[in-house]
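Each chain is listed here by its residues.
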Amino acid sequence: MRLSHIYHLGIKELWGLWRDPILLILIVYSFTLSVYTGSTAMPETLNRAAVAIVDEDRSPVSTRVSTAFYPPYFVPPQMITPAEMDRRMDQGLDTFALDIPPNFQTDLLARRSPTIQLNVDATRMSQAFSGNGYIQQIVTGEVSGFLDRHRSEQKLPVDLVLRARFNAELNKGWFGAVMNVITNITILSIVLTGAALIREREHGTVEHLLVMPVTPFEIMVSKVWSMGLVVLLASAVSLVFIVKGVLAVPVQGSFALFLLATALQLFATTSMGILLATIAGSMPQFGLLLMLVLLPLQALSGGMTPRESMPEIIQNIMLAAPNTHFVILAQAVLFRDAGLDVVWPQLLALLVIGAILFAFAMRRFRAFLK
Amino acid sequence: MADPDRAGLPPAELVVRLNAVTLSYGKTKALDDVTLDIPSGCMAGLVGPDGVGKSSLLSLVAGARAVQAGRLEVLGGDIADAGHRRRICPRIAYMPQGLGKNLYPTLSVFENVDFFGRLFGHDRKERERRIASLLKSTGLAPFAERPAGKLSGGMKQKLGLCCALIHDPDLLILDEPTTGVDPLSRRQFWELIDEIRTDRPGMSVIVATAYMEEAARFDWLVAMDAGRVLATGTPDELLEKTGVDTLDAAFIALLPEELRREHHDVVIPPRPEGASDDIAIEANNLTMRFGDFVAVDNVSFRIGRGEIFGFLGSNGCGKTTTMKMLTGLLAASEGTAKLFGREVDPRDMEVRHRVGYMSQAFSLYTELTVLQNLELHAKLFGMAADTIPDRIEELAERFDLTGVMEALPDALPLGVRQRLSLAVALIHSPDILILDEPTSGVDPVARDSFWQILVDLSRNEQVTIFISTHFMNEAMRCDRMSLMHAGKVLISDTPAGIMKSRSASTLEEAFIAYLEEAIAGAKQAAPAVVRAKAPLEPVAERQAGTRRSSKSRVFDIGRMFSYTRREALELVRDPIRATLATIGTVILMFVIGYGINMDVEDLTFAVLDHDQTTTSREYILEIAGSRYFIEKDPIIDYADLDRRMRNGELSLAIEIPPGFARDAARGNTVEIAAWIDGAMASRAETVKGYVQGLHAHWLTGKIRERYGAAATTGSFKIETRFRYNPDVKSIVAMVPAVIPLLLMLIPAMLSALSVVREKELGSIVNLYVSPVTRLEFLVGKQIPYIALAMLNFVLLTAFAIFVFRVPFTGSLLTWTVAGLIYVSAATAMGLVISTFMSSQIAAIFGTAILTLIPAIQYSGMIDPVSSLEGAGAFIGQIYPTTHFMTIARGTFSKALGFGDLAGAFVPMLIAVPVLLVIGTLSLKKQAR
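Protein chains in written order, with UniProt numbering: chain A, 1 to 370; chain B, 1 to 928.
Worth flagging that the hints you see were computed from the coordinates, not collected in a lab.
Using N, Cα and C, we set each Cβ at its ideal position, and we do this for glycine too.
Among the clues, some could well be false.
[To be verified] Some residues of chain A that are not near chain B, with every Cβ distance over 12 Å (derived):
{"no.": "1", "residue": "79"}
{"no.": "2", "residue": "112"}
{"no.": "3", "residue": "327"}
[Said to hold, decoys possible] Covered stretches of chain A (chain B as the covering partner; in silico rule of three or more C-beta atoms under 8 Å from a C-beta of chain B):
{"no.": "4", "region": "226-234"}
{"no.": "5", "region": "250-260"}
{"no.": "6", "region": "306-314"}
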């Protein structure tokens with residue numbers, strides 16, 4: 001192994017990328033616009049939830065409830081008739097429908113304990129729970145406020161003071177922006193190394209390399225470092241200018257530590273790209289394989305939904321994926337300002353996974369060249 | 001050849017007229033103000049070096065490339081006029097350069113011809129008759145079932161010819177049809193053309209060729225150089241004009257003065273006596289097997305130092321494999337190869353420093369400039385950094401590359417690229433040069449200067465040269481040579497010795513004699529390779545077959561289906577792709593269905609309890625007892641709290657103040673503090689909701705305890721009905737949503753690649769030159785992928801219902817119809833993406849980005865579209881996935897049918913034609 005070979009071959013890879021304008025445009029797009037739109041479009045947990053109200057009472061208290069829903073949590077409620085309610089929910093127009101029964105106020109004041117019905121479209125899991133909680137709170141608050149003016153209530157003076165740490169406003173876009181960067185890091189590094197390798201084979205240039213005094217190891221390392229470097233730079237730029245700059249996400253932790261982790265992650269994913277390329281025979285097969293690998297990586301690494309709520313077996317399987325550790329680490333470093341003392345297990349895991357993938361890819365790569 | 005009376009006469013009619021035609025690629029001018037008339041009814045040849053614009057001219061005439069400037073008339077009309085192009089394209093047949101470039105390698109011989117027949121709208125009977133006749137006359141009939149990719153070069157060209165002739169063209173355009181084909185196949189090819197022309201005397205043929213001996217047989221020649229026409233006329237006229245006796249010499253004489261000056265006849269000094277004592281290359285019983293197939297069979301030879309050793313043979317006879325074994329690229333199955341007495345070992349880096357190798361295809365980096373290519377190789381061969389610039393300069397001068405050092409190889413003519421390849425192979429001053437058909441497709445001047453370099457290397461620097469070639473005049477220049485056929489060496493001797501042994505007057509004759517002998521020997525075992533001479537059917541009968549009148553129709557179902565059929569066949573031949581596409585989606589459904597879980601449970605929390613009373617413990621139990629939370633070890637102090645939240649161990653931390661129980665009992669206000677990990681906002685929101693709920697529940701319990709049940713009968717109740725998914729299970733919500741996601745990603749990727757692949761591999765030219773319209777092309781290619789996606793659809797639906805046990809409550813018919821429309825939109829989306837991409841990498845990447853993100857984030861899979869904002873919301877509203885998602889949830893969970901979901905059908909129904917129109921408009925019917 002000679003470092004100069006690895007260096008020169010890597011420079012060659014960089015030139016190859018530089019001369020492919022479409023790829024360059026896609027890289028720029030995915031680390032700027034795509035991250036930007038991805039995070040600004042990402043709603044707060046309960047953002048502009050569609051709510052409709054069937055007011056069969058038309059009393060002061062029901063009016064008070066109806067006027068209590070406003071943006072950003074809810075869109076101004078639609079006042080509908082009972083007949084419309086089912087149809088609108090079927091069409092997916094409303095996520096919540098509140099039905100205030102006739103004589104609600106009368107029954108309330110007479111302590112007959114009337115019931116308000118809240119219909120929730122439970123196929124919209126992300127809003128169903130939290131929205132239900134919010135609406136109950138709002139309705140209870142308004143009704144209590146109404147009642148307070150009419151009679152006094154027995155109360156316990158215990159308050160719960162809730163504070164969200166690391167992201168006080170629970171702004172989902174913050175996390176979304178960083179997750180988008182992570183997704184792009186994974187997609188790009190796999191595509192750049194894997195597809196480039198298949199293209200080299202289709203064009204016969206890999207064979208050409210082999211008659212020269214270079215080893216497969218040198219060829220592979222050169223691909224890993226050069227493409228890794230491109231993605232590392234792109235993600236650093238994206239994080240500084242797009243995430244911190246344009247999106248103004250208060251990323252806290254050590255930038256250097258995050259970049260170190262990104263480098264390790266790239267070591268693993270570029271190796272994975274080469275591995276996939278050696279498994280796939282042609283470009284269409286590689287494209288499919290890519291989808292089969294990317295989707296689970298993105299969906300199950302804990303970036304979209306919390307790991308805790310996945311089945312135990314999937315949690316365990318996903319420990320073998322570099323993304324899982326990278327996502328945990330990114331949350332800890334960027335949002336919770338965690339240091340090396342906290343995230344070293346993730347760094348170690350990334351290193352081990354990367355080394356295994358690299359060794360495996362190396363074996364396949366040698367066979368691939370034969 | 002052909003009609004001798006006609007050859008000398010001035011052409012009566014013109015088939016092609018060029019008037020001041022200019023074509024540029026960026027800054028390079030391929031054709032520079034060319035004005036030319038090509039007579040009809042004869043065989044016209046274009047001769048000249050590569051890169052002078054022969055191929056460009058032919059592609060313009062065929063209508064495959066758009067005219068940039070000037071006027072070009074073909075078959076009596078302006079080719080720039082789309083209407084005229086459509087009318088005449090059934091009368092033109094075009095065979096592009098490159099062996100089998102417009103063929104489909106996985107399709108069989110029969111299926112390839114059949115595809116072209118369908119494109120031109122022949123009915124079944126007519127097609128079968130024509131195909132049978134064509135295959136019989138080209139001798140391909142015994143190989144009708146063999147995939148085109150597995151044919152030899154000569155057979156590929158014959159197949160290309162069959163495909164071109166299937167529709168009885170009036171103008172046949174052949175771009176270097178015999179380049180890279182062995183002499184026997186070449187002879188057979190021209191005999192075939194002669195016969196066809198005898199049968200169809202009215203047909204005009206335009207051929208570009210690099211072989212001057214072939215050009216001598218044509219009726220009329222155009223000599224070209226540097227994008228300009230040098231001279232036109234019959235071969236005899238050209239010879240007369242220049243006063244030389246061969247066309248090679250005539251061409252050189254026609255060149256402008258400054259180019260001619262560079263040309264010298266190659267003079268080969270005899271090898272000095274006694275120089276061959278040193279054995280440079282030695283092969284002993286080399287054998288290579290690929291499975292059952294013996295590619296190289298027991299080959300032995302010895303080559304002395306400084307010798308030029310030629311290797312001749314038909315395509316696929318094992319030349320390249322032998323060379324690869326010599327370089328260590330392939331490990332021999334049996335036998336040994338030695339270089340300078342050392343056995344070739346692929347791991348031995350030392351040997352590689354002594355060998356320079358130039359492979360058949362240009363295999364340098366097209367993304368590096370000439371200078372960068374040379375530098376890279378110099379560095380990889382470990383040359384000292386200070387010697388590199390001098391060496392590069394020396395080579396650049398020697399190979400005449402000085403002017404193009406900053407150019408990219410793709411922009412250079414083939415001859416220059418070959419010189420670059422040789423320069424690269426020589427950069428480290430190797431002792432042995434192994435050259436695999438280095439001059440294939442290179443013009444005479446360039447070839448001679450190339451050979452002059454080889455001769456200098458051999459004689460002056462004692463470099464051993466091992467070279468394979470198709471050119472007989474090149475073979476004559478070798479010191480010794482081997483004839484190879486079907487993996488075996490037929491004979492090794494000096495060229496003169498070989499001619500003598502067969503008492504032939506030319507090497508070509510001797511070669512063909514040896515080949516025929518070898519083939520006759522093998523005939524008993526294998527089916528005939530020599531074609532059975534079968535005359536083409538009489539013209540009258542052949543033309544009796546009616547062409548369908550639908551030819552110029554804007555949309556023709558038959559042509560569309562010919563693409564559908566072909567694409568489907570290719571898909572069937574690539575079972576890995578189809579399997580990945582079907583099984584893959586099912587796997588993904590499992591992964592995502594189980595993985596994306598909104599039931600946030602088992603959250604970790606811990607308490608910093610300053611109070612340590614029964615009341616505080618009760619409060620903690622309230623939380624720990626719920627199914628949402630798991631209690632961890634108590635928090636010791638604030639530092640502990642901070643550390644454990646920072647490393648993500650705790651999602652929730654609760655602090656109960658000192659005197660909590662006492663103050664609460666006295667009615668003083670106390671505050672319990674709770675911290676939530678906000679790094680992941682959605683989880684934090686859920687935690688917040690849970691904690692508030694539990695807190696309220698605890699309060700109610702306490703109040704009841706203290707003031708009696710009456711206090712809590714409550715003023716009113718809120719009854720929550722979770723509709724459509726009463727148990728609020730993630731699987732019920734997610735699985736139907738995963739189907740739209742997967743049916744977007746996979747079909748879009750497949751259809752995008754199917755088009756871009758044609759662009760990258762060259763078969764897109766069939767779209768350019770055949771009557772098929774863009775819409776027919778796109779829809780035709782789309783249909784098999786729609787079918788595949790529907791298979792996916794059925795599989796996914798079945799898995800959702802029977803394996804995931806998601807109740808299906810709505811109308812199955814509605815769901816299926818929606819599925820069909822949706823996958824049509826998804827594949828159309830892939831087609832649109834494909835029209836903008838030129839490489840498969842970009843297509844994969846682009847499709848991934850343009851489908852994955854909108855489908856996951858903007859289509860209501862997790863967050864309802866009504867909650868999105870900005871660009872995301874806009875994309876979400878028009879993206880087909882959004883609407884199919886509504887239908888998925890409607891039919892699965894909400895028991896809905898057509899009537900209720902009409903609103904979601906409309907945008908999808910609009911999307912399909914809109915996408916197809918965008919795709920059609922952005923797809924180009926001609927190269928630019």
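Against the structure, the hints come out as follows:
no.: 1; hint: 79; verdict: 17 Å, holds
no.: 2; hint: 112; verdict: 9 Å, violated
no.: 3; hint: 327; verdict: 10 Å, violated
no.: 4; hint: 226-234; verdict: violated (count 0)
no.: 5; hint: 250-260; verdict: violated (count 0)
no.: 6; hint: 306-314; verdict: holds (count 6)
Comparing the model with each earlier hint shows violations of hints 2, 3, 4, 5; every other hint is respected.
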